[in-house]
Every structure is written in structure tokens, then in C-alpha cells.
Amino acid sequence: MIIRKIMLLGEMGVGKTSIVNRLVFDTFSGDYGVSIGSDIYQFKVEPSPGEQPFLFNVWDTDGSFGETIFKSVYIRGAHAAVILGDVTRKQTLETMARLAVRFEEELPGRYFCCVLNKVDLLEDGETPELPERLVSRGLPYITTSARTGANVRETFADAAASIVRRGL
Amino acid sequence: MQTTTPDLIDACEMFAENDTLAFIWVDAELTVRDTFGALAAFVPRNQALTDSVPALFGFEDDLSALVSDVGRTLEIPNITIVTGAERMPRINLSVRWSDARRQFLILVARALSRAALEQELQTQVRNRRLMEMMLLEQAEAIRETNRTLADVNRDLAEFAHVVSHDLKAPMRALRYFADDLESSLSDPDAGDPREHLSRLKAQSRRMTSMLSSLLSYARLERKDEALEDVNTGELVGDIVQSLPVPPRLTVKVSGTWPVIATIPALIDLVLRNLVENAIRFAPQDGGIVEISAEVRASTVAIAVKDDGPGISLDYQTAIFRPFTQLPDETGAIPIDENSSGMGLALVKRAVEAAGAEITVVSDPTVGPGTVFTVVWPL
Chain A
1 MIIRKIMLLG EMGVGKTSIV NRLVFDTFSG DYGVSIGSDI YQFKVEPSPG EQPFLFNVWD
61 TDGSFGETIF KSVYIRGAHA AVILGDVTRK QTLETMARLA VRFEEELPGR YFCCVLNKVD
121 LLEDGETPEL PERLVSRGLP YITTSARTGA NVRETFADAA ASIVRRGL
Chain B
1 MQTTTPDLID ACEMFAENDT LAFIWVDAEL TVRDTFGALA AFVPRNQALT DSVPALFGFE
61 DDLSALVSDV GRTLEIPNIT IVTGAERMPR INLSVRWSDA RRQFLILVAR ALSRAALEQE
121 LQTQVRNRRL MEMMLLEQAE AIRETNRTLA DVNRDLAEFA HVVSHDLKAP MRALRYFADD
181 LESSLSDPDA GDPREHLSRL KAQSRRMTSM LSSLLSYARL ERKDEALEDV NTGELVGDIV
241 QSLPVPPRLT VKVSGTWPVI ATIPALIDLV LRNLVENAIR FAPQDGGIVE ISAEVRASTV
301 AIAVKDDGPG ISLDYQTAIF RPFTQLPDET GAIPIDENSS GMGLALVKRA VEAAGAEITV
361 VSDPTVGPGT VFTVVWPL
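Just so you know, the protein sequences line up as chains A and B, in that order.
Going by this note's numbering, the final residue of the first sequence carries number 168, and the count climbs one at a time with no gaps.
Going by this note's numbering, the final residue of the second sequence carries number 378, and the count climbs one at a time with no gaps.
Chain A extracted, bound-state conformation (with noise of 0.2 Å):
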């Protein structure tokens, strides 16, 4: 089996530990208190035929660590990160975009993906405003929704893929 450590980075409040529930245990509370220190979540992706199983250890962290989480001892070993934040508020977005660009710094190589996060909050053909970190600097994104379940699993499927295929 292929093992892997994943962080869940970004912001207090923008649904780290809702989207880790909705994807470990597909349940949603919206009321899951804060985050200290970290949590830890096994989480199995359905091999495609012929693959070998997939197995995510993923770090749930303190939202509070803020940047400092690159100086902490739960980074360490990291082989990945989904960098979420709040499509409803804009300052959560501008962290996600700065949260990304250090940890393409400070893990260079390493998969990443921004993830913008409670779109099910959006008005209908409401889009989300992208920070002008993101777009310049072309890093790559997806929106979910932790409440409905949207892109939540396609989410850790993609990077498994992605981490397989370029054999990280």
C-alpha cells in the first residue's frame, strides 16, 4: 500500500476539520469547535483497476498556526497539502494564495492544491473572486462544498493520482 501525509492548511474557520469529516466519515456538522495542535485522519482512496491502494494520513491543523506551521514539528515529512479557504470571506483567500506560495518554498516539489471552500454559500452564478496571488502566479485550485459534499473526495483523488504519477 502507498502511504502518504497530507496537511490540511489555511485559515481558522474555513473548514478543515469539516472537510476532513465529510471526506473520512461523509458526515457534516458545521459545528466542530476549534483545532489544537493537530488531528490525525486515515483516509483510503479507491484504487482505479489495476492500481495499488492509496492511503492518506491527513493532518488536520490549528488554523491559529497561521505561516508558523512551516517552522512546526506536524509539517515535517509532509509529502502534501490541500490549502483551503472561505469563499465568503475574501481576507481567508488571500491566506490560502500566501499559505501556497510558502509551502511551494519551503517543500518545493511537493503536491499542492488551493481549495476554495463553501461555495454551496455563494449566490446562484455567483463565482468566487480569485486573490491576484492565484491567478498570477497560475497555482492550481478547485472549489468544494464540505456541506453538500461537492468535489470533497475528487479532491484527495486527484492529488493521489498526481502523486503517483509523478512518483512523490
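It is possible that some hints are incorrect.
[What the hints assert, rightly or not] Which bits of chain A does chain B cover? Going by a derived footprint, with three or more residues having C-beta under 8 Å, they are:
(1) 40-54
(2) 70-80
(3) 84-91
Hint data in this document are derived by calculation from the structure and do not stem from the laboratory.
Beta carbons: idealized from backbone N, C-alpha and C, even for Gly.
Go by the hints and put chain B onto chain A.
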């Protein structure tokens, strides 16, 4: 009292039974050899450590480094492993290499009740910070709305001024022409009715033209229209080609004209009006109009220069107001049927809608000529 090894074992057993601490012994190949205490009950023996304790997966290099750095401890505080609906207790992991046993010793210690208090405190801190962030965002949204309202108020005030002053005069003229027409129908000395009717119709056309310009002005506001690539060089060439240029007046185009992403109608309106004005005010016999462009870091500066009489400093703000026409050297406002007095007001409005800027440089007391410079975002 001397603490003996059995005392220490008793103490460890007591805390291990109490789920306060546990130990894991791991060999140099990172295989779990033994465990002690219920907190480590989830760790099977004779299996790879990194499979059994997910929290240590990814730390293989750090563990290897401990072997050559005896006495150092790898600390991973405040973690919990969530394997199902039930959460394992929050723990601190401390790993050391024991040279005597040639094994790693892992201390699993429950993060004690302080963690529950810390959790509550952090939750409250987080809720407060979330509220603060939302308040800040709402305050910014209110400031933005206020800015828009201020713009709307300014526009309304401007419109009120235009309607009450600028449109009143032609309305009054219409009434006088109608009175004259009425008088001429019963009094042959009051002039030719056809002439009065003709003036009435001309004034009506002028009113229609003014209202039409005013509507265009009102519609020229910032819109989220799609940006398109505009070749400014081709655009200015087309504009010069389309305008009637007196044969003895020279129009020169120079500089670097980039392709910019903008709303085409806005830049077309701005350049067309500026070039048209420059051609109109430059000396018709031997005058020169120079149109140039210079690319800067994130903008292009387009200058339209004429060698006409210039604009007095007193009027350099007023020219951008609707229905403003400048007095000639005698102080009289010339009657120009081709001008509604809206050209530069439309230019200013379009420039603002495009996020550009316009400046005018002219001083008739120093010399002839006017330069309008538009700085347009690339």
C-alpha cells in the same frame, strides 16, 4: 526515603492504569517490539511503527537522526488520532533513542486536563477572531457602499445643476420662439411665422441633442463589461482617418502604441473627443496636432497636443463639467452648432469608468497650445 526501581515501576504502572502515560519500544528497523499501558493499546507489536502509529509516518529521517544524537528527544505535542466516530485521547509523543537497549523508547503521555480548558479558551478566541474578521469585512463593504453612494450623490447633484441651469435656458428660448410664432400669426409686423417656426424647430433639435448627450453621460458609469484587446495604434489611426482634417493642418502620430485589455467603447470615445477637439482648436491654417503614446510600467500615457489658443487656468476644471463651453478672447461664448459642450464631460466620465486618469496642461499667458494626457491601465 530512597526511591527504588520497584517504586518507579509502581509509579509507572499506576499512571499507565490511569491512562495517563504509556511506553512503546521500537527497534532500529522501526518495528514495534513491546508496549506498556492502555494508551498504547492501539499499537500492535511486531509491525512497522509508521503503519501502527500514523502520527510518526513521515518522521523516519528524524527518528534515524536520533540514533546518532543520543539524549535528544523528538517531541510531537497535542495530537489525536481519529480512527472512527470515537476520538482517541489527545496525546503528546516523545521519542528518544536508548543506546543501552539499542531501541527507541516512545513515551505516550495524555495531554492532561489543561487541554480541555485550552480547547474551550481557543474556541472562544477563535469565535471572537471570526467575528472580528466578519466585522472588518462588513465594515469594508459599508465603506465601499458609502463610496458608491457618494459618487451617486455627486452625480445627482451634477444632474440637478445641469437640469436646473443648463437646460433652463434652451427651454426658455423655446417658449420665446413659441410666443414670437404666436404673435406673428396675428401681427404681420411681428415677423415671418415660417422663420419663427424654423428657429423653434432648430432649438427643439438642439434640446434633443442635449438630452441625448446627457443620457449618454448618465450611462457612462463603471460597468463590469468584458475587457477586450484593443490595438491602440490601429484605433488612433482609424480615428484620425475618420475625422475631417483641414488641408493645411497637420496631424502627427508618434510613440509606442500597445495592445491593451480594456472596454473598447470607452477608449474610442476618449481618444475621438480629444483628437476632434484638438483639430477644432488648432489653427486651421498651418496648425499642428501631435498625438503620442508612451508605455510605462503598467499604464500607457497618451498625449493629445494642439497649438491652439489654450485654456485659461480658470477654466481647466470647468471644462470637464456637462454643457461647458469656453468664452473666446472677448469673453463671449461662441455659438457653435457642432458642439454640445458635453465632449470633455463624456471624456472625464469614460476615463473614470475605465480606471484611467486625465490631466490638462495649458497656460495662454505663457504660450499657445494645450496638452491633454490620458494615463490608461494596460
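Here is what the structure says about each hint:
Requiring three or more residues with a Cβ within less than 8 Å of a Cβ of chain B, the coverage given for the stretch 40-54 of chain A holds, as 3 such residues are present. For the stretch 70-80 of chain A, the stated coverage by chain B is satisfied: 6 residues place a CB nearer than 8 Å to a CB of that chain, which reaches the threshold of 3. For the stretch 84-91 of chain A, the stated coverage by chain B holds: 3 residues have a C-beta nearer than 8 Å to a C-beta of that chain, and at least 3 were required.
Consistency note: the structure conflicts with none of the earlier hints.
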